[in-house]
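Asker: I would like the entire structure built from these sequences, with the hints used as guidance.
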Amino acid sequence: MGKSNNFHLFAISCWVMLSVGITFGSHGPLLAPISNTFQLRLGQIALPVVSHSIGFLAANILMARFWRIRRARLLLTTSGLLAFLMLVSISLFRSVGLLLTFLFFLGLAQGTMHTSVDSLFSEISGKERVKFLNWLHIFIGVGAVLGPLSVGMLLSYSEKWHLVYLMMAMVTLPLPLFFFRRTLYQSITYNREPQISTSSSPARPTTSPLFWLAIIGIFTYVGLELSFASWVPVFLVKVKNISHASASYSISIFWFALMTGRFLFGRFLYRTNLSLFLGIGALVTALFTALTFSIDSVLIGLFMAFSGLSLSWFYPSILALGGNTFPRNIGFITGSLAAGGTIGAIVFPWVIGPISETFGLAKGVFLVPLLCLVLTGIFFSYNYLLTRKRKQQKAIV
Numbered sequence: 378m379g380k381s382n383n384f385h386l387f388a389i390s391c392w393v394m395l396s397v398g399i400t401f402g403s404h405g406p407l408l409a410p411i412s413n414t415f416q417l418r419l420g421q422i423a424l425p426v427v428s429h430s431i432g433f434l435a436a437n438i439l440m441a442r443f444w445r446i447r448r449a450r451l452l453l454t455t456s457g458l459l460a461f462l463m464l465v466s467i468s469l470f471r472s473v474g475l476l477l478t479f480l481f482f483l484g485l486a487q488g489t490m491h492t493s494v495d496s497l498f499s500e501i502s503g504k505e506r507v508k509f510l511n512w513l514h515i516f517i518g519v520g521a522v523l524g525p526l527s528v529g530m531l532l533s534y535s536e537k538w539h540l541v542y543l544m545m546a547m548v549t550l551p552l553p554l555f556f557f558r559r560t561l562y563q564s565i566t567y568n569r570e571p572q573i574s575t576s577s578s579p580a581r582p583t584t585s586p587l588f589w590l591a592i593i594g595i596f597t598y599v600g601l602e603l604s605f606a607s608w609v610p611v612f613l614v615k616v617k618n619i620s621h622a623s624a625s626y627s628i629s630i631f632w633f634a635l636m637t638g639r640f641l642f643g644r645f646l647y648r649t650n651l652s653l654f655l656g657i658g659a660l661v662t663a664l665f666t667a668l669t670f671s672i673d674s675v676l677i678g679l680f681m682a683f684s685g686l687s688l689s690w691f692y693p694s695i696l697a698l699g700g701n702t703f704p705r706n707i708g709f710i711t712g713s714l715a716a717g718g719t720i721g722a723i724v725f726p727w728v729i730g731p732i733s734e735t736f737g738l739a740k741g742v743f744l745v746p747l748l749c750l751v752l753t754g755i756f757f758s759y760n761y762l763l764t765r766k767r768k769q770q771k772a773i774v
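The sequence shown begins at 378 in our numbering and counts up one residue at a time.
Each hint should be verified, as a subset may be incorrect.
[What the hints assert, rightly or not] List time: in silico PhoX-like cross-link candidates among lysine-lysine, alpha-carbon distance up to 25 Å:
| id | residue 1 | residue 2 |
| --- | --- | --- |
| 1 | K504 | K768 |
| 2 | K537 | K615 |
| 3 | K740 | K617 |
| 4 | K504 | K740 |
| 5 | K615 | K740 |
[Said to hold, decoys possible] Taking CB as the label site, the calculated pair distances span:
| id | residue 1 | residue 2 | range |
| --- | --- | --- | --- |
| 6 | R581 | L469 | 39 to 49 Å |
| 7 | L762 | K537 | 44 to 54 Å |
| 8 | D673 | G737 | 11 to 21 Å |
| 9 | Q769 | L653 | 17 to 27 Å |
| 10 | K617 | F443 | 44 to 54 Å |
No wet-lab data here; the hints were simulated from the structure.
The C-beta atom is built at its ideal place from N, Cα and C for all residues, glycine as well.
Answerer: As structure tokens, this is what we get:
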């Protein structure tokens, strides 16, 4: 019974990630038509992404404080219902102020669902949390592929971009109905404890430099990922003179590679040295993202795919790394990391706008590979400190 419930809960949680992924994947392709509708300047183009991300941030901060596994049913049901209502509202109203307001509350709802699911499976999966988190986040990639494809198909035949949000609402509609069922949460099966014992985990994570490195790392990672996904379509339209529909299809390559990489990592590579592997992956991604913005249009798709593949496992692996390091504080760690990532999602996509207004879009997008180099240093430092900590613990024993 317990394993069956875990499977059903996992399947519905994958649906949550799918719905969130569709929203994130659609952000970039929708920026250009939304900016045309409301006559937004280049520095204002990312406002829809920022509004959604601020709501996501508010949810993550609340989750870091209030998450308890016994509250899962309430949190998931109410947030699923709110997400549906906000998506329907966006599809019906035509005001930039209302659009940004609804996107904020949509971010609040989706952030609550997203972080609740991450916290739940990080808590019940034990030492296999990196595998289950990567598999859950595969469906972020699936949704992020379907989102741009849907936008591209719609924009090929119509300029009514708001219908994309109505489609998202239909995807979200079943979630509050599923999560309301009490039997879904009964007899949940817990896996074994993580690799790092609770006795070695500090009672207050905020006193550990590893906590702050993880926060800065996920802040940088989510910022560069969302900047890449949001600004590549704009870059293709305004610099490479590609149509809106073609730009939407192109960013799907990135999300498809992201999805594929998460499956491969969750299936074959989840037992690796996470912090070291993250540092190496960030260095490789710096090369691929730089090449995406540097070469001719013919090869852009190839390096977008390589960028997505190398970035694919970062978010779930950073969550798992935090959970392994601080297993007694799963809710706080997951919420804090998600909040740090969301701040990055707010800051960096917005920063590229003013930079691009000053230096040109073709130069502004190179903030992404620079952030990859910063990420490399962060996770090499994390690996060094974690290795030293383990050696000290062995010496004491």
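Asker: Decide, hint by hint, whether the structure agrees.
Answerer: Cross-check of the supplied hints:
{"no.": "1", "hint": "K504 <-> K768", "in the structure": "20 Å, holds"}
{"no.": "2", "hint": "K537 <-> K615", "in the structure": "21 Å, holds"}
{"no.": "3", "hint": "K740 <-> K617", "in the structure": "13 Å, holds"}
{"no.": "4", "hint": "K504 <-> K740", "in the structure": "43 Å, violated"}
{"no.": "5", "hint": "K615 <-> K740", "in the structure": "13 Å, holds"}
{"no.": "6", "hint": "R581 <-> L469: 39 to 49 Å", "in the structure": "47 Å, holds"}
{"no.": "7", "hint": "L762 <-> K537: 44 to 54 Å", "in the structure": "52 Å, holds"}
{"no.": "8", "hint": "D673 <-> G737: 11 to 21 Å", "in the structure": "18 Å, holds"}
{"no.": "9", "hint": "Q769 <-> L653: 17 to 27 Å", "in the structure": "18 Å, holds"}
{"no.": "10", "hint": "K617 <-> F443: 44 to 54 Å", "in the structure": "45 Å, holds"}
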